[in-house]
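Take a look at the letters that make up each chain.
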Amino acid sequence: MELDTGVTAWMLTSASLVLLMTPGLALFYGGMVRGKSVLNMMMMSFGAMAVVGVIYVLWGWSMSYADGSVAGLFGNPFEQFGLAGTIYDDAGEFVLSDGLPVIVDVGFQATFAIITVALISGALAERVKFSTWLVFSGLWVTLSYFPMAHMVWGGGLLSDDGPFASIADPIDFAGGTVVHINAGVAALVLAIIVGKRKGFGKEPMRPHNLPFVMLGAALLWFGWFGFNAGSAYGADGAAGLAWVNTTTATAAAIIGWLITEKIRDGHATSLGAASGVVAGLVAITPAAGDVSPLGAIAVGIIAGALSALAVGLKYRFGYDDSLDVVGVHLVAGLWGTVALGFLATGSGLFYGGGVNQLIVQVLIALVAIAISAVVTAVLGLLLKATMGWRVSEDAEVNSIDLAVHGETAYENIAQGTVVKEVRA
Amino acid sequence: MKLVTGIIQPHRLDDVKSALEAAGVRGMTVSEASGYGRQKGHTEVYRGAEYTVDLVPKVRIEVLVDDADAGAVTEVVIKAAQTGKIGDGKVWTVPVDDVARVRTGEHGPGAL
Numbered sequence: 001m002e003l004d005t006g007v008t009a010w011m012l013t014s015a016s017l018v019l020l021m022t023p024g025l026a027l028f029y030g031g032m033v034r035g036k037s038v039l040n041m042m043m044m045s046f047g048a049m050a051v052v053g054v055i056y057v058l059w060g061w062s063m064s065y066a067d068g069s070v071a072g073l074f075g076n077p078f079e080q081f082g083l084a085g086t087i088y089d090d091a092g093e094f095v096l097s098d099g100l101p102v103i104v105d106v107g108f109q110a111t112f113a114i115i116t117v118a119l120i121s122g123a124l125a126e127r128v129k130f131s132t133w134l135v136f137s138g139l140w141v142t143l144s145y146f147p148m149a150h151m152v153w154g155g156g157l158l159s160d161d162g163p164f165a166s167i168a169d170p171i172d173f174a175g176g177t178v179v180h181i182n183a184g185v186a187a188l189v190l191a192i193i194v195g196k197r198k199g200f201g202k203e204p205m206r207p208h209n210l211p212f213v214m215l216g217a218a219l220l221w222f223g224w225f226g227f228n229a230g231s232a233y234g235a236d237g238a239a240g241l242a243w244v245n246t247t248t249a250t251a252a253a254i255i256g257w258l259i260t261e262k263i264r265d266g267h268a269t270s271l272g273a274a275s276g277v278v279a280g281l282v283a284i285t286p287a288a289g290d291v292s293p294l295g296a297i298a299v300g301i302i303a304g305a306l307s308a309l310a311v312g313l314k315y316r317f318g319y320d321d322s323l324d325v326v327g328v329h330l331v332a333g334l335w336g337t338v339a340l341g342f343l344a345t346g347s348g349l350f351y352g353g354g355v356n357q358l359i360v361q362v363l364i365a366l367v368a369i370a371i372s373a374v375v376t377a378v379l380g381l382l383l384k385a386t387m388g389w390r391v392s393e394d395a396e397v398n399s400i401d402l403a404v405h406g407e408t409a410y411e412n413i414a415q416g417t418v419v420k421e422v423r424a
Numbered sequence: 001m002k003l004v005t006g007i008i009q010p011h012r013l014d015d016v017k018s019a020l021e022a023a024g025v026r027g028m029t030v031s032e033a034s035g036y037g038r039q040k041g042h043t044e045v046y047r048g049a050e051y052t053v054d055l056v057p058k059v060r061i062e063v064l065v066d067d068a069d070a071g072a073v074t075e076v077v078i079k080a081a082q083t084g085k086i087g088d089g090k091v092w093t094v095p096v097d098d099v100a101r102v103r104t105g106e107h108g109p110g111a112l
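Protein chains in written order, with the numbering used here: chain A, 1 to 424; chain G, 1 to 112.
Hints listed in this document are in silico derivations from the structure and should not be mistaken for laboratory results. It is possible that some hints are incorrect.
[To be verified] Simulated pairs of lysine to aspartate or glutamate, DMTMM-like, Cα-Cα distance not exceeding 25 Å:
(1) K262/A x D97/G
(2) K2/G x D67/G
(3) K85/G x D97/G
(4) K196/A x E32/G
(5) K262/A x D67/G
(6) K198/A x E393/A
(7) K262/A x E50/G
(8) K198/A x E2/A
(9) K198/A x D66/G
(10) K2/G x D98/G
(11) K384/A x E396/A
(12) K202/A x D66/G
(13) K40/G x E203/A
(14) K17/G x D66/G
(15) K198/A x E44/G
(16) K202/A x E50/G
(17) K202/A x E44/G
(18) K196/A x E44/G
(19) K198/A x E50/G
(20) K40/G x D169/A
[What the hints assert, rightly or not] Selected chain G positions facing chain A (in silico; Cβ < 7 Å):
(21) Y36
(22) Y46
(23) A80
[As the list claims (entries may be wrong)] Every beta carbon over 10 Å from chain G, so not counted as near; a handful from chain A, in silico:
(24) P77
(25) P204
(26) P207
(27) E261
Just so you know, even glycine gets a beta-carbon here, dropped at the ideal spot from N, CA and C.
With the hints as constraints, model all of the structure from the sequences given.
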């Protein structure tokens, strides 16, 4: 097949949109922490961009999509190490796959790996060594993300070529398992291993800048069009359906979240609206190409309500998932993945498809949970025993920004901001 | 000389300032403050977690005056800042030993 310039243009655009999500996430998370920690919070996202952005071209693509699957779990990291053989063919032409240059797909996929790692940082806010986070990012993306991407999208264990396909073809359109369940489980496991912030549940830790949070949510929504409509791999009706489903579910999730908190807490809050945006986006991610817009309304409104209820669990169980990666990404990601069993047009239970799709969706969710939990627990404990996760208590109490990065976001964070000497 | 200090509702500042200017007061210092009295604080809810915010924002207004003007200035502040609701604030007066104008170095009532 010849180069399809329409698809290529759209996929380059989509890749750029998805890349923008991570700085958007930095704002979303940054606004939710206290003013003394905002730079560290945003740097965790930028750190993930740095580490994963390099690793992806080295062995990330190869582990996700290279020929030579290792037991259906991951691709051979050496097969296309450094993108060997993925850019040009023997004749010196760009390698195409269905009219799309593979190198464009590499860029698109790299942005997914980056944001997935960055999502986890919300569970570790305000207390973690930047160095340990960077090392974790590289190890986790290698041992959890790339294998999951291979299993679901690279023809591995959880794909149409895997064992579950004899029941029904598993559906994960844009990353309910690979991205959101994966990151959500990692967040839960790490929040437990790393431990609570000093004063968690006793001292006020309210968001220092809600306009940042709303700006971040808006950028995430915008970028998510690349995530979901880009995952159609075409500039066509399928992409349009994914676009409309994405917006519909997200709008419905805002309503779901706001109604829930209005009834429970008495107010429809801006943080609730921004959180509802993300819950809806997460839930529709696996389903964007395989439900109707009416189905998307159901996916979204339930996602918003479920996540609004789930964010309270951390206080009950006493784990400091600081910015609710579990309550939003794990819960809405699970819901979206399982909802396909009911709402997938054609194969879902409500469309007369029987229970097979539902069974398969539950199975792939469980496998994703198990893999992410085991890999994250091993890495988390290993890093705890070696580098250590926590900054000193002084650093945490005063300002992690100042202690770790030597900077403060706002003048009143550190006393004595008078510049005594400037060295150039 | 006296120092008249008022803690008032932030949204009353413009009216208090205009009233003081109209009463002939030529200068004042205004700063943001926070505190609580009988008004107590309020609660805020973030993702279902309730925070009690004890300290509410207030504006502190300070005016240096001649002994004879203190009573009148106090009344002007009260009149302009009053809404009749809990949280309107306080005004108090304290004696001042000395005042110096930095620009000229002059001391006493002439520096006011």
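Quiz item: Straight-line Cα separation of K198/A and E2/A no greater than 25 Å?
Solution: Violated: K198/A and E2/A sit about 59 Å apart, past 25 Å.
Exercise. Sort out whether E50/G lies within 25 Å of K262/A, counting only the CA atoms.
Key: Given that 25 Å is the threshold and the Cα spacing comes to 14 Å, the pair holds.
Quiz item: Are the Cα atoms of K196/A and E44/G separated by 25 Å or less?
Solution: holds (22 Å)
Quiz item: Is it the case that P77/A keeps its Cβ farther than 10 Å from each residue Cβ in chain G?
Solution: holds (40 Å)
Quiz item: Are the Cα positions of K198/A and E50/G separated by 25 Å at most?
Solution: holds (18 Å)
Exercise. With a cut-off of 25 Å on the C-alpha distance, tell me whether K2/G and D98/G pass.
Key: holds (10 Å)
Quiz item: K198/A and E44/G: Cα distance at most 25 Å?
Solution: holds (21 Å)
Exercise. Measure nothing beyond the straight line between the CA atoms of K2/G and D67/G; if it is 25 Å or shorter, mark the hint as holding.
Key: holds (6 Å)
Quiz item: Should the interface hint for Y46/G be scored as holding, given a Cβ-Cβ cut-off of 7 Å against chain A?
Solution: Nearest chain A Cβ about 5 Å off; hint holds.
Practice problem: Compare the distance between the alpha carbons of K40/G and E203/A with 25 Å, and conclude whether the hinted pair is satisfied. | Solution: OK: K40/G and E203/A at ~18 Å, within 25 Å.
Quiz item: Hey, K198/A versus E393/A, does the alpha-carbon distance stay inside 25 Å?
Solution: holds (8 Å)
Quiz item: Is it true that the CA of K262/A sits at most 25 Å from the CA of D97/G?
Solution: Violated, at roughly 56 Å.
The structure fails to meet hints 1, 3, 4, 5, 8, 9, 12, 20, 21, 23, 25, 26, 27 from the earlier list, while all remaining hints are met.
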